[in-house]
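Enquirer: Protein chains in written order, with this note's numbering: chain A, 1 to 113; chain B, 1 to 114.
Hints are not guaranteed to be accurate.
Here are the simulated SDA-like cross-link-like pairs (lysine to any residue), alpha carbons at most 20 Å apart as the crow flies [said to hold, decoys possible]:
1) A:K42 x B:A87
2) B:K40 x A:H39
3) B:K52 x B:G14
For the record, the hints were derived by calculation from the structure and aren't laboratory data.
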Amino acid sequence: AQSVTQLDSHVSVSEGTPVLLRCNYSSSYSPSLFWYVQHPNKGLQLLLKYTSAATLVKGINGFEAEFKKSETSFHLTKPSAHMSDAAEYFCVVVKTSYDKVIFGPGTSLSVIP
Amino acid sequence: ETGVTQTPRHLVMGMTNKKSLKCEQHLGHNAMYWYKQSAKKPLELMFVYNFKEQTENNSVPSRFSPECPNSSHLFLHLHTLQPEDSALYLCASSQDGLGADTQYFGPGTRLTVL
């Protein structure tokens, strides 16, 4: 069975410092991986996705993530946090195109002025 | 956000009420989804519709009844709910219902069951 683990339920960073949100998955195959963001009182929005092309994926708002098969990880990073980045972030794994989507429990990111 | 709309945004209902949640997508997608988002729990997929046909029902209690009259509209009919059903209900759509498709989410309906 596939699963996804987000190692930190809450991350707090200062504005202008780097952001690292960790995600590990378990899957027998090379899955498709996504990061979604949810701002307060809003629906989820796709940040980026990996579907077996380049292992370093660039997304919106300066975020990027690197697929590391040997570590079964897909960590989300951003060089410099902005106040508007404060939100809930979800890592998502799909084993194959015909499998259901599995959401991680989420990481809440706080950005301190 | 105008791609997928949900109404109402907030709903308070008693356990004996009957109400419906509505979702509409303006993206020309063929698949629509209902999710339940409870505090401190991962997002739970409830139902999937692909080309108006239900393709997934994740053991959801019968007090939740989905309806998909066409590819653009999705309803969730609610009756005799329990307080533990209080949550944010999110609707999403994607092009073809494949796992690797990007899903586009509505803002959700915040449901409170008294």
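Enquirer: Under the constraints set out in the numbered hints, which ones does this structure not fulfil?
Expert: 3
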